[in-house]
Structure formats: structure tokens, C-alpha cells
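Read off the chains here:
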Amino acid sequence: MTPETDNQPNNDMELVARTQGGDPTAFDELVVKYSPRLYGLVYHMTSNHEDTNDLLQDIFSKAYRSIANFRGKSSFYTWMHSISVNMTINFLKKRNRRQHPSLNDPDSRIENDPDFIAATSNGDPTKEVSVHELQKKLNDAMMKLSEDHRMAVTMFDIQGIPHAEIAKILKVSEGTVRSRLFYAHRQLQNSLQEFKRN
Amino acid sequence: MSHEPMHRIIRLKRYEQPPEGYFDDFLREFQNRQRAELLHPSIGELILERFHAILSEIRVPAMAYAGAAAIAVVASVFILRLPTPEQPRAYSASYTQPPVMVPSMQPVSLRVEAPAGDRFDSLFPPSYLLRPRAANHESPLSF
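Those protein sequence lines, which keep their order, are chains A and B.
Residues in the first sequence are numbered from 258 upward in steps of one, following this note's numbering.
Residues in the second sequence are numbered from 316 upward in steps of one, following this note's numbering.
Check the hints yourself; a few may be wrong.
Here are a few chain A residues that face chain B, going by a calculated C-beta distance under 8 angstroms [unchecked claim]:
no., residue
1, VAL289
2, HIS301
3, VAL410
4, ILE415
5, HIS442
Hints in this document: simulated from the structure, not taken from any laboratory.
In this text, all values refer to a predicted model and were calculated from it rather than measured experimentally.
Ideal placement from N, C-alpha and C gives every residue a C-beta, glycine not left out.
Could you put the whole structure together from the sequences, leaning on the hints where they help?
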């Protein structure tokens, strides 16, 4: 799934209005629309598919209970993401640090991605790194980041959300978002440097 | 230092996806959970629902709460600023004193008179002489 920016805010507001009016099928449509994106956000923060499933159910339940108070001051997209970010970070703070990752198998299309080829062969076609090796290394590097830095990387690098939108969701300045990304990238580079050398 | 290479590598994580059909199952699970919550709400939800129901029945105007709060604040300030009344002092006499009797005295006046021709007058303090003067019938105890 390639990252998409929300380009149908009017449709969201219509579905929200119908949900507030008591139409449960309208909220189902919002679940269908937002569950893939929010799954990615939660999954890349927790690195655990089962935890992601449970947490995502909780997120949508909370959104459904709170939707009567949604006044449209922000877009529904921003509102849903804010709920997801807050609940995910709260979950991570409560979770036992000795968490076992439960990673999804990458889509086979990754092997044809030029970035994957460049990252794994490093110009040497004889030196091939398996997808799972790269996945594990990337995951380990991400887990070393703090929740705030990991969230910025997840939203910008993985999901392709623009800086300005991330700032609205996290309720920080755009400068803070860029600063967190800069620091996180440097940390990730240090973690992956050894991998590339080996 | 460009972080573009790092951005390209991290972006590869987007290929990590849940199994096929996951999101269809997710919606079904969510719908089942919603039905379960409607049929068996938690105790907290029940209490909150009852509280909202009671509030809606009272039909208190929204501004009434603000007015009541303002009155409470003013009353608190007024009470806190009230001057504390002085406690009457308790006197305990260790003995009973007889009434003061002022004997009738001939009024007198005081004036400073330096001793005449005394070459030591600058060294010694002046002496005070009591001289009788004309009587004044005003009560000596009047102030």
C-alpha cells in the first residue's frame, strides 16, 4: 500500500455527520477507510501484529464513543491520527519493555524495489542480504529510538505524511518535527552503518 | 549530511503488511465488539449514562452553573476577609485595691531657679524649687 494523503475531507465530514445522527454503517465506512493507514502507524510503533490489532480495536472504539464531541475544528483525518498517536504512546509506556516483536512478512514486491536492491547489495551483486535480515535490522534500529522520534519517522518516512500535517497531529511546531526527524535519522544511520559494513 | 539514503531505507518498512483479508476480519471483529458493548456496557459507562440522564432531567440552564460558581467564589472571598473579632481580655486581680483617696493639697507650681552667683552653675544641674501660688478650685483629678 503506497501512502496516500487524505483527499476527501468532505466525504469524511458527511460520514461523521451521519454517524452523529445515529447511522452505524457510516462509521463502518470510516473504519474501512482509516484502518489500513492507522494499522501502519500503530504497527511500526509496536512492532507486534497482535498488539496492533488489539490497540486498533480500542482506538476505533474510543473514536466511536467520542465522535459526538467532534466539532470539526480539525479534519477527521487529523483527529483520528491524534487519538491513535496518544493511545499508542500510552500503550507503549505501559507495556513491558521485554516485548517480543511479531513482525509481518514483507510483501514480495520489496525485492524489486530499487531502494531495497541498493540497500542490500551495496553495489556488489554477489553480496545479497535476505529480506528478513534487513527487516530485522531496520526493526531493531527503530526500536532503539524514543517513542517521539519513532513516531516522527513512522509518520514521515514510512507513511509519507507531510511535516505540516505531522505537526498538527502531534500538536507541536513544524520545527520540532524536523528536529526530531533529523535526530532520528542520524541515530538510525549509526545503527545501520554496522549492518552495511558487514 | 543528507538523510535521503536513510529515508529510502526506512521507507521499505511500508512493505510490511498484515495477511490478506485482515482488514475485512478487522471490521467484522469491530462490529461484534460494538454489539457486545451495547448489550453489556461496563459499570463506568452505566454510571456515566445515569448521571447524564439525571442532569438532562433537571434542566438546569447552562448559565446557572456559572452563576452558582461565581456566587460560591464571592462568598468564599467574603468569609475569608471577615475581620476576626478581638477576644475580650481576661483580667485577674491578685488583690483588691482600696479606692484611691486624693488628699486635698495646696496647689503648687514648679519653676527652675538657678542658684545665684554660683560659679559652678554650669557644672551642676539646676535645682527645682517648690513655691506656693494662688489656689485653683478646679479638681486636681480633672484632665
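Notebook entry, point to check: Taking 8 angstroms as the limit, does the beta-carbon of HIS442 (chain A) come near enough to a beta-carbon in chain B?
Noted result: For HIS442 (chain A), the interface hint holds, since the closest Cβ of chain B sits about 4 angstroms away, which is under 8 angstroms.
Margin query: Would the hint on ILE415 (chain A) be counted as holding, given a Cβ-Cβ threshold of 8 angstroms to chain B?
Written below: Holds, about 5 angstroms.
Next item on the list: Under 8 angstroms, Cβ to Cβ, is where VAL289 (chain A) needs to be relative to chain B, so tell me if that hint holds or is violated.
Entry: Check passed: Cβ of VAL289 (chain A) comes within 6 angstroms of chain B, closer than 8 angstroms.
Next item on the list: Using Cβ atoms only, decide whether VAL410 (chain A) comes closer than 8 angstroms to chain B, and label the hint accordingly.
Entry: holds, 6 angstroms
Checklist line | Interface hint compliance - HIS301 (chain A) to chain B, C-beta minimum distance less than 8 angstroms | finding: Hint holds; HIS301 (chain A) Cβ to chain B Cβ min 6 angstroms, cut 8 angstroms.
The structure agrees with every numbered hint stated previously.
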